[in-house]
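Peer 1: For the protein sequence lines, the chains are A and B, in the order given.
Numbered by our numbering, the letters in the first sequence go through residues 1 to 98 in order.
Numbered by our numbering, the letters in the second sequence go through residues 99 to 472 in order.
Hints listed in this document are in silico derivations from the structure and should not be mistaken for laboratory results.
This one's a predicted model, so the numbers in the text were calculated from it and none came from an experiment.
Some chain B residues near chain A, calculated using beta-carbon distances under 10 Å:
| hint | residue |
| --- | --- |
| 1 | L105 |
| 2 | E107 |
| 3 | V109 |
| 4 | T110 |
| 5 | L113 |
| 6 | L129 |
| 7 | I130 |
| 8 | V243 |
| 9 | I244 |
| 10 | G247 |
| 11 | A248 |
| 12 | I331 |
| 13 | S443 |
| 14 | L471 |
Think of the CB as a built atom: it goes at the ideal place given N, C-alpha and C, for glycine as much as any other residue.
Residues per chain are reported as follows:
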Amino acid sequence: MNEVLVLMKNELALTAIIFFLLIVKISGGMANRKLLPVIHFLLLLNFALGFFFNKEGNLFGDMFYTTPLIALQKHFKPWRLSYFTAFLRLDETNPAPS
Amino acid sequence: MKRTPHLPEFVTLMLAAMLGMDLMISSANMLIFYLSLELATIPVAAMASFDLEKKTSSEGAMKMILSSAFSSGILLFGISLLYGTTGTVNLPELSQSLNGSPLQIMAFVFFFAAFAFKLSVVPFHLWTADVYEGSPFAVTAFLSVISKGAVAFIFITMLYHVFQPMLHIWYMMLVILAVLTMVTGNLFALRQQNIKRFLAFSSIAQVGFILVGISSYGTMGVVSATYFILVYIFSNLAAFGVASVIAEKTGKEKIDDYKGLYQTNPFLTWMMALALFSLAGIPPTAGFFGKLFLLTAGASRADYWFILIAALNMIISLYYYLKVVRAMFMDKNENPVERLHTSNSVKLGLIICGAGIVFTGLFSWIFDYIKSLS
Chain A
1 MNEVLVLMKN ELALTAIIFF LLIVKISGGM ANRKLLPVIH FLLLLNFALG
51 FFFNKEGNLF GDMFYTTPLI ALQKHFKPWR LSYFTAFLRL DETNPAPS
Chain B
99 MKRTPHLPEF VTLMLAAMLG MDLMISSANM LIFYLSLELA TIPVAAMASF
149 DLEKKTSSEG AMKMILSSAF SSGILLFGIS LLYGTTGTVN LPELSQSLNG
199 SPLQIMAFVF FFAAFAFKLS VVPFHLWTAD VYEGSPFAVT AFLSVISKGA
249 VAFIFITMLY HVFQPMLHIW YMMLVILAVL TMVTGNLFAL RQQNIKRFLA
299 FSSIAQVGFI LVGISSYGTM GVVSATYFIL VYIFSNLAAF GVASVIAEKT
349 GKEKIDDYKG LYQTNPFLTW MMALALFSLA GIPPTAGFFG KLFLLTAGAS
399 RADYWFILIA ALNMIISLYY YLKVVRAMFM DKNENPVERL HTSNSVKLGL
449 IICGAGIVFT GLFSWIFDYI KSLS
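With the rest of the complex left out, here is chain A (with noise of 0.2 Å):
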């Protein structure tokens, strides 16, 4: 179970971010403009757990595997979303006229 944790480190934090945004939208929503924040602090989490536990190793049979250099392939991801978020927030703030 443990190594599950360590190996799909990137898989499982994208995924808890995807179900918080799910139960955000189930349970009424939130304002864009409270919702990027948090958007950015849970990609920022998710960027930084990057850094941490980058081992080499094999699941489901070896059917999903990991090293090293695929943990930093992954990593480049996060920090390229938070970027595209803050695209957001300016289209919020500024609409472009019409």
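Following the hints, put chain B in place on chain A, whose structure we already have.
Peer 2: Leaving out everything else, chain B in the frame of chain A:
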């Protein structure tokens, strides 16, 4: 997108695509790979059609889903042929079972074509410019950097670890397609007036350079491609960031509209210039080191004519990147883009990208760190 009434849905789609890409990079089984590829692609098509006010957004999404479905079909056919000839879908076993029979070569060609679709390698690039132009800016940036980066990583794994017994076949294919991709991407970028289409063709040309590095088949190939993709993320995001700010606030997407931008928006102009210098490979930006490492990796197989063509393409690309820089700094415009107020989060994002462009190149330990992991 403009007023983002469905922000949770949009971010959920983005995260789902990310999850697919993460699983794809880690997959050691063809079926897991295929499923994660679909998970990475379908949400992006939904994201591309997010701008409901624009017809081109829906058109871009439709083109993307059709081209993705087509490439997925080709990929599945390739996988089925591989399974038929080897009896396994596990990547390590597959590598040991390949013997280069005609059926396996055919399977590899299908496989290669599917990857070429996803990476926008010429002649499988036709969807790229239309989808980029039609999609919202954030989605275009996502497609051009994240999506391509993830596919490039798994492409390297497949070539180096699975299709290693067919090295002599894929090397020639890679060289020919790299040359075609660089030349076509550059020639089409030369004549673009829309900034999104310009960046789309520029990104096609950049994929050609990544293929040069991959062709080396060795540690240097993996390291240089990974390093270049990291640099490319910073450069492309900065370019798309500036273009996004201008388009979202003024609706201007033509390169001519950037004339005289420096007079009204010096910060945005410098950020765009830095990004374009990096994409062009001008020292001391990280793009220069990225391309240098790719060409060095490519030269390890001693096909110097190939490296010469890549270097010539770098010179061609200088022309069109600097054309935009000239328009921003030197050209006069009676009606320039007005002074824009950018939010702090966007400024921070652009500054991070700018710092990435400068420091990734200057700090050599980043390259050494990637090398130590491979």
